[in-house]
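Go ahead and model the full structure; you've got the sequences and the hints to work with.
Number of protein chains: 2
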Amino acid sequence: MDLGTVRTLGNGPVRVAVDAMGGDHAPLEIVTGSLSWARSHPTDYVLLVGVPERIQAVAGGPIPANVEIVPASQIVEMDDSPAQALKSKKDSSIMVAMEMVKQGRADVVVTAGHSGAGMAAAVLKLGRLPGVDRPALAVQMVTETGPFVLLDIGANMDSSGHNLYQFAHMGSLYAERVLGVANPRVALLSIGEERGKGDQAVQQATKMLDDNGTLNFVGNVEGRDLVKHMADVAVCDAMVGNVTMKFFEGLAGFIFKLWEKEFRGSLRGKLAYLLMRPSIGRIRTLFDYEKMGASPLLGVKGMVLITHGSAKRRMIEFALDAGAASGRAHIPDLIADAFRGQPRHPGQGVS
Amino acid sequence: MDLGTVRTLGNGPVRVAVDAMGGDHAPLEIVTGSLSWARSHPTDYVLLVGVPERIQAVAGGPIPANVEIVPASQIVEMDDSPAQALKSKKDSSIMVAMEMVKQGRADVVVTAGHSGAGMAAAVLKLGRLPGVDRPALAVQMVTETGPFVLLDIGANMDSSGHNLYQFAHMGSLYAERVLGVANPRVALLSIGEERGKGDQAVQQATKMLDDNGTLNFVGNVEGRDLVKHMADVAVCDAMVGNVTMKFFEGLAGFIFKLWEKEFRGSLRGKLAYLLMRPSIGRIRTLFDYEKMGASPLLGVKGMVLITHGSAKRRMIEFALDAGAASGRAHIPDLIADAFRGQPRHPGQGVS
Numbered sequence: 001m002d003l004g005t006v007r008t009l010g011n012g013p014v015r016v017a018v019d020a021m022g023g024d025h026a027p028l029e030i031v032t033g034s035l036s037w038a039r040s041h042p043t044d045y046v047l048l049v050g051v052p053e054r055i056q057a058v059a060g061g062p063i064p065a066n067v068e069i070v071p072a073s074q075i076v077e078m079d080d081s082p083a084q085a086l087k088s089k090k091d092s093s094i095m096v097a098m099e100m101v102k103q104g105r106a107d108v109v110v111t112a113g114h115s116g117a118g119m120a121a122a123v124l125k126l127g128r129l130p131g132v133d134r135p136a137l138a139v140q141m142v143t144e145t146g147p148f149v150l151l152d153i154g155a156n157m158d159s160s161g162h163n164l165y166q167f168a169h170m171g172s173l174y175a176e177r178v179l180g181v182a183n184p185r186v187a188l189l190s191i192g193e194e195r196g197k198g199d200q201a202v203q204q205a206t207k208m209l210d211d212n213g214t215l216n217f218v219g220n221v222e223g224r225d226l227v228k229h230m231a232d233v234a235v236c237d238a239m240v241g242n243v244t245m246k247f248f249e250g251l252a253g254f255i256f257k258l259w260e261k262e263f264r265g266s267l268r269g270k271l272a273y274l275l276m277r278p279s280i281g282r283i284r285t286l287f288d289y290e291k292m293g294a295s296p297l298l299g300v301k302g303m304v305l306i307t308h309g310s311a312k313r314r315m316i317e318f319a320l321d322a323g324a325a326s327g328r329a330h331i332p333d334l335i336a337d338a339f340r341g342q343p344r345h346p347g348q349g350v351s
Numbered sequence: 001m002d003l004g005t006v007r008t009l010g011n012g013p014v015r016v017a018v019d020a021m022g023g024d025h026a027p028l029e030i031v032t033g034s035l036s037w038a039r040s041h042p043t044d045y046v047l048l049v050g051v052p053e054r055i056q057a058v059a060g061g062p063i064p065a066n067v068e069i070v071p072a073s074q075i076v077e078m079d080d081s082p083a084q085a086l087k088s089k090k091d092s093s094i095m096v097a098m099e100m101v102k103q104g105r106a107d108v109v110v111t112a113g114h115s116g117a118g119m120a121a122a123v124l125k126l127g128r129l130p131g132v133d134r135p136a137l138a139v140q141m142v143t144e145t146g147p148f149v150l151l152d153i154g155a156n157m158d159s160s161g162h163n164l165y166q167f168a169h170m171g172s173l174y175a176e177r178v179l180g181v182a183n184p185r186v187a188l189l190s191i192g193e194e195r196g197k198g199d200q201a202v203q204q205a206t207k208m209l210d211d212n213g214t215l216n217f218v219g220n221v222e223g224r225d226l227v228k229h230m231a232d233v234a235v236c237d238a239m240v241g242n243v244t245m246k247f248f249e250g251l252a253g254f255i256f257k258l259w260e261k262e263f264r265g266s267l268r269g270k271l272a273y274l275l276m277r278p279s280i281g282r283i284r285t286l287f288d289y290e291k292m293g294a295s296p297l298l299g300v301k302g303m304v305l306i307t308h309g310s311a312k313r314r315m316i317e318f319a320l321d322a323g324a325a326s327g328r329a330h331i332p333d334l335i336a337d338a339f340r341g342q343p344r345h346p347g348q349g350v351s
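Respectively, the protein sequence lines represent chains A and B.
Residue numbering for the first sequence follows the working numbering, beginning at 1 and increasing consecutively.
Residue numbering for the second sequence follows the working numbering, beginning at 1 and increasing consecutively.
Heads up, a few of these hints could be off.
Below, a list of computed lysine-lysine pairs in the BS3-like style, where the Cα atoms sit at most 30 Å apart [as the list claims (entries may be wrong)]: (1) K246(A) - K261(A); (2) K228(B) - K246(A); (3) K228(A) - K207(B).
The set of hints was computed from the structure by calculation and includes no laboratory data.
Here it is in structure tokens:
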């Protein structure tokens, strides 16, 4: 009955590079959340990457011993074109944060900045893992009996069946090693429940997953099956994944607004609200999207987590939790192991 | 604040051919709903297509004067393969119902049977309208300020930009003439709000809709915009549309279940439930999926509406409402007018 707080596996210290300048509420909320997280995780490390004076100004005092400020002079703005920005802003906080992972000074990057730029910076600076044609952006979504992983929600357009096949492997590893799901049930999110029903990509991926046989592949799930937790990993093209994820946000918000209106609209409603306060709290907790923390970008040489542009300190703390858990699980190494020896498919990678 | 009861335009009598044998609760619920609808619409006509003895048996008495039983000896079952079934069951209720429209004896077909078979029978028996490359299945979905039309939700796989462009025109006509929306805002459902952002099909459709200029094309909407009623017509590939529509069903049901559990789980909850009864009624009414009635298949030579396999009498009545309104609006003629002179694009139609 939890949105899926990331389970921490392993105990080694983790070094998280935080893009302190990215996000609607940067640097204040990013820095505040990161410092709070660092204080409650004294054996881990946080690198705050950005303009030092601005970070110092919002930190408002001495920073903990396990926090270091790493200078970066530029900022990728939300309305920048990613390709353009990364070319002209080589000293931007997001690029320098990636550089920390590349140099081995950090294990994980967390950013609330421009998500397109974050993904592009990861591919540009860290590169794809050997054997991985395309990275995929994943998200945890809620059901009554636990979270499931949905991917791709936006790293690529027009993914092939081979791409979906690789996403399935990466999503399964993430569910197993970060969420702690034993033998995750992997499904293709499609238009019908019959195995293989769907577009060309789904048909091709079905064949590949059936032939490969190393995953716990359960065939297709439909849109209505997602909340029933009929899969631990739901794989789809980014158009489907992105619309589903955002529709979830919109629809859940819409329904809560309707209830709120009814609770506020009359004396009966107000009285019922008082009676239902603990219930409302439970339902709100289940749908607390800040707890989702951040979306892992799977398939690049390093762990990168992208969180909401609107993230405030609390969500940043959850994002750091997710980042630390992903870092401790060594997901990129596990993906590299899984894809070792698989030749890259020409023409199917990101250009 | 209504799920979108179909607005009736025009007053001429409509003849609806109902597939009496299709659906999980056929023929009982289909026949009962149809007879009830016929009694409350004495100037319209209902053709009940199916096995006469079975229809008579569930009708349980004399049928109204505006109802006729049209014999069909076979039934397409839910687990039949559509292509196979239509070949071997030429005298099935769905094929005979389509034949009624083809012969001009009916204006509309309503079926709760196998939706794949229904769509295939429509294409096979009635054919596509001239200029239409692919038909599209549409559905009405709910927002606080009125319904919007989502399409395609399952008529085709791997639709091209040109297909989406045609869906946009058909959806706009339906929203305008059946839902009564003046100058409907047409959008492409995609991964980002920037105009043209999306996969190849969305990019191509954007260009075509911009160039054409006859629709009120507003660019892209994202998943979270749907419930905000930011478009009257949301156009997408069937994978996206089908997953969205079914996820809506699943998620709304999931949230209601959570509330129900809280209302039932304690004395406080039970008391709150009594206080909230009128509110709960209002919210339930808004999400009453039976009122959606049926999904129009747009682009074939005749009006065909496909309703839930699980439809019972009440939903069948709403489906007949939707069918009658669509029939009175002469949607196929309007689509034919809109596409007149547009050459069919080779290789982009249904095969």
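Results for each hint:
| no. | hint | in the structure |
| --- | --- | --- |
| 1 | K246(A) - K261(A) | holds (22 Å) |
| 2 | K228(B) - K246(A) | holds (12 Å) |
| 3 | K228(A) - K207(B) | violated (39 Å) |
Hint 3 from the list above is the single one not met by this structure.
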